[in-house]
Amino acid sequence: MTTWNLNWVVGGAALGLLIGLAITVPAHWGNPFLTAPGIFLGLVVAVIGSVVSLSLLMFFKKRSHTVVGLCSGFLTMLAVLVLLPLAWPYSKSDGPKPLAHETNDGRTP
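Read in order, the letters of the sequence shown correspond to residues 0 to 108 in numbering that gives the first Met the number 0.
Since the hints were derived computationally from the structure, they do not count as laboratory data.
No residue lacks a Cβ here, since even glycine has one placed at the ideal position from N, Cα and C.
Watch out, some of these pointers could steer you wrong.
[Unchecked claim] Label-pair restraints from in silico Cβ distances:
1. Leu17 with Val43: 16 to 24 Å
2. Val50 with Thr1: 23 to 31 Å
3. Pro88 with Val44: 33 to 41 Å
4. Leu17 with Thr65: 31 to 39 Å
5. Leu17 with Leu56: 20 to 28 Å
6. Leu40 with Lys91: 18 to 26 Å
7. Asn6 with Asn30: 33 to 41 Å
Hey, can you work out the whole structure from these sequences and the hints?
Set out below in structure tokens:
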């Protein structure tokens with residue numbers, strides 16, 4: 000691996016780490032019902048990006064710097080989204096919370 004490709008691998012991995020952390024860290028303190036769709040979308044993007052970039056690297060022999068950086072970024076993002084919750088579990092949900100408070104007679108104000 001050339002030094003130029005190594006720089007792209009490290010840069011892509013750093014970007015994937017930051018994006019993965021930006022997606023998963025708010026879920027540890029926020030409402031899981033609001034943050035779960037973002038985590039699911041991040042997982043879907045990371046899986047599709049990893050499959051596409053790995054197929055470009057392996058099957059189509061496209062070894063450009065951009066593809067190498069994207070591959071390392073998507074794989075790092077996928078690793079963060081899967082492995083970080085194993086080390087730092089999400090908080091348990093208290094159940095759905097209503098958006099408006101109800102009065103004693105069952106009406107919303």
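Hints versus structure:
1. Leu17 with Val43: 16 to 24 Å: holds, 19 Å
2. Val50 with Thr1: 23 to 31 Å: The hinted range 23 to 31 Å holds for valine 50 and threonine 1, with Cβ atoms some 25 Å apart.
3. Pro88 with Val44: 33 to 41 Å: violated, 23 Å
4. Leu17 with Thr65: 31 to 39 Å: This hint is violated: roughly 18 Å between Cβ atoms.
5. Leu17 with Leu56: 20 to 28 Å: holds, 22 Å
6. Leu40 with Lys91: 18 to 26 Å: The hinted range 18 to 26 Å holds for leucine 40 and lysine 91, with Cβ atoms some 22 Å apart.
7. Asn6 with Asn30: 33 to 41 Å: Distance hint for asparagine 6, asparagine 30 holds at roughly 39 Å.
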